[in-house]
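The whole structure should be built from the sequences, with the hints applied where relevant.
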Amino acid sequence: MKTVYLDNNATTMMAPEVFEAVQPYFVERYGNPSSMHSFGGNLARDVAVARERLAELLGAVPQEIVFTSGGTESDSTAIMSALATQPDRREIVTTRVEHPAVLNLCKHLARTKGYTVRWLSVDREGMLDLDEARSKITETTAVVSIMWANNETGVIFPVIELAEIAYDRGALFHTDAVQAVGKISMDLESSNINFLSLSGHKLHCMKGVGALYVKKGTRFSPFIIGGHQESDRRGGTENVPGIVGLGMAAKLASTELDRTGERMRKLRDRLQQGVLEAVPWARVNGHVERRLPNTLNIGFEFVEGEAILMRMDEKGICASSGSACTSGSLEPSHVLRAMGIPFTAVHGSIRFSLSRYTSEQEIDYVTNELPDIIDFLRSISPFGRENMDAACTIH
Amino acid sequence: MWEYSEKLKDHFFNPRNVGEIEDCNAVGEVGSLACGDALKLFLKIDPETDKILDARFKTFGCGSAIASSSALTEMIKGKTVEEALKITNQDIADYLGGLPQEKMHCSVMGKDAFAAAVACYRGQPSSREQIEGQLVCECFGVSDEQIRTVVMENNLSTVEQVTHYTKAGGGCGQCREKIESIISQVRGELRRQQPKEVAARKSMTNIQKIAKIQEVMEKEIRPMLQQDGGDVELIDLDGNRVVVALRGMCMSCPSADLTRGVIETKLKELVHPDLLVEEVEG
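Going line by line, the protein sequences match chains A and B.
Here the numbering used here is used: position 316 in the first sequence is 394, and no number is missing along the way.
Here the numbering used here is used: position 217 in the second sequence is 1501, and no number is missing along the way.
Fair warning: there could be bad hints in the mix.
Unchecked claim - The list that follows gives simulated cross-link-like pairs (lysine-lysine, BS3-like), each with its CA atoms no further than 30 Å apart: (1) A:LYS214 with A:LYS185; (2) B:LYS1462 with A:LYS185; (3) A:LYS344 with A:LYS80; (4) A:LYS80 with B:LYS1291; (5) A:LYS393 with B:LYS1293; (6) A:LYS191 with B:LYS1462; (7) A:LYS285 with A:LYS329; (8) B:LYS1293 with A:LYS80; (9) A:LYS393 with B:LYS1291; (10) A:LYS329 with A:LYS344.
Hints were generated in silico from the structure; no laboratory data involved.
Laid out in structure tokens, this is it:
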């Protein structure tokens, strides 16, 4: 059975070109870029090339790129650095729908270090209110951390405008752009974004490598302290294969970025239309326009997400769900709940996320198989249309 | 990704006894859309014999919720109500070749749905309308009585386990302290019941006592001390005076007297309430 992989917001396939590019760096070119001998020292050039390629994708200059172990490390580094360099500012502004890498760090800082966290809410379509941001970002804000695009719904936040607001109040601005990099074009040079986090494995590179963009002139305090690597900004021997791979992945993403996005958008819309036409009592979660071109989150009423995933899995279809049962935590998706999506639809929410490798045949296969799966689960569910109003709501 | 057994997957992909029974005489309903799983159980019971002639279900929930419902109907069909009431949530889990800990609440839901159906059959108010005891977990509507039952029946000892079995404490988490105190209450009661049994057989011969003390030392006390690199040896028994020598790390341990106390408590509890422990060097 063929696997139809529509879970690219979780992780992606390594691009064949990336795979080819990293291979020499394990057995043949395994040196340490900091070495004095040319066997190792020459690798510094390869790292430099990767840095240039990544900078180009972001609209930045190479010196602004710090390679890290991934998105989570980049997020922690940015926020901790912003707090360390402005000890007189004790507030963090962030949203209720951040990835746990930011969300749990902020909660941790509030609990253990006494920082005040100001949470920005989202509306039914997952959008932020700029006026709320204007009132919560103040002269006492140390850092504003707002994701570029949401991993569950794909909703894109106006980070350029938000960074302006932060800049006006003298606060630093960080964005977790793990889902956005490589899917939408960016020009950081012209923005007031101080920090941007990205991850390799969401970009058709490997797990265990990522980067943090640090704007020129932004005061910086390292998170991982050690050797002089990354211009004293991140200790630890460089993950040369990962960095070279990330450079190649960035180069691939830069090539025809807009056209790739447009192609994914067409396929995503085809999937959305196909599913919504065939399945009643289903709706899209998140703003349909201001959304990543690859993400589709649909809530199916009266059925539970894990059951849908298991039945799709049997057909070779990979997706994910905001249902409580898939997380093991009993709490359904914090993102969908923050949006005020009724529990009835949160439990049955499924996220499909495409990549540039997704084909039309794959989309049509899903559109073909999914309605029967939902039909069957609804046929054994005690809830139906008449229960719509009777469903108890807890909050 | 959950580790589901083949049997569980079979019951999920091919659920048995799905649907409603038109002429049923008992219906049991538990859970809700909000909670993420719900089960509606339909029974046809022979009023003469109390035998369950047919059982069908409709379930909204994850893979293990659907499989647990399917298993439940297979297990109760053909049994009398009394026989079927003896089925525990663990029996349902075992029938499916085990459930992940985090999914045990699915088996509890099966058991609860059957109890609700029986209440309906017997004309008692359904548990839905009348939750016994006080509400502890507001997020998932779990009462102290439900928690007590599940702790007792499954010998649970942590809040996390209670959450896995009932979902209580898995929402906002504000009731976790209450759950903790219910657990220690129940476990305290269980412990107090044991010495009573011991007291009933007060007249033990010395040989019986020594054998029992040795058994308790081997099974309960030594493994506990060995965890911290210590050990204990039984030297003598004189009437009710148990003479022991501490070994290993226990010998140099500043809390040796505490250890002696722990040994004494264990022996009092499990062998004879009149025993006193003395420690000698050697």
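Evaluated hints:
1. For the hint linking A:LYS214 to A:LYS185, the alpha-carbon distance of about 17 Å falls within 30 Å, and the restraint holds.
2. Between B:LYS1462 and A:LYS185 the CA atoms are separated by roughly 24 Å; this keeps the pair inside 30 Å, and the hint holds.
3. Taking the CA atoms of A:LYS344 and A:LYS80, the gap is near 22 Å; set against the 30 Å cutoff, the hint holds.
4. About 25 Å separates the Cα atoms of A:LYS80 and B:LYS1291, which keeps this hinted pair within 30 Å; it holds.
5. For the suggested pair A:LYS393 and B:LYS1293, the alpha carbons sit about 14 Å apart, so the restraint of at most 30 Å is met.
6. Restraint check for A:LYS191 and B:LYS1462: satisfied, since their Cα atoms lie roughly 28 Å apart, inside the 30 Å limit.
7. Restraint check for A:LYS285 and A:LYS329: satisfied, since their Cα atoms lie roughly 18 Å apart, inside the 30 Å limit.
8. Pair hint B:LYS1293 plus A:LYS80 holds up; C-alpha atoms about 21 Å apart against a cutoff of 30 Å.
9. Only pairs whose Cα atoms come within 30 Å are accepted, and A:LYS393 paired with B:LYS1291 is accepted, the gap being roughly 19 Å.
10. About 23 Å separates the Cα atoms of A:LYS329 and A:LYS344, which keeps this hinted pair within 30 Å; it holds.
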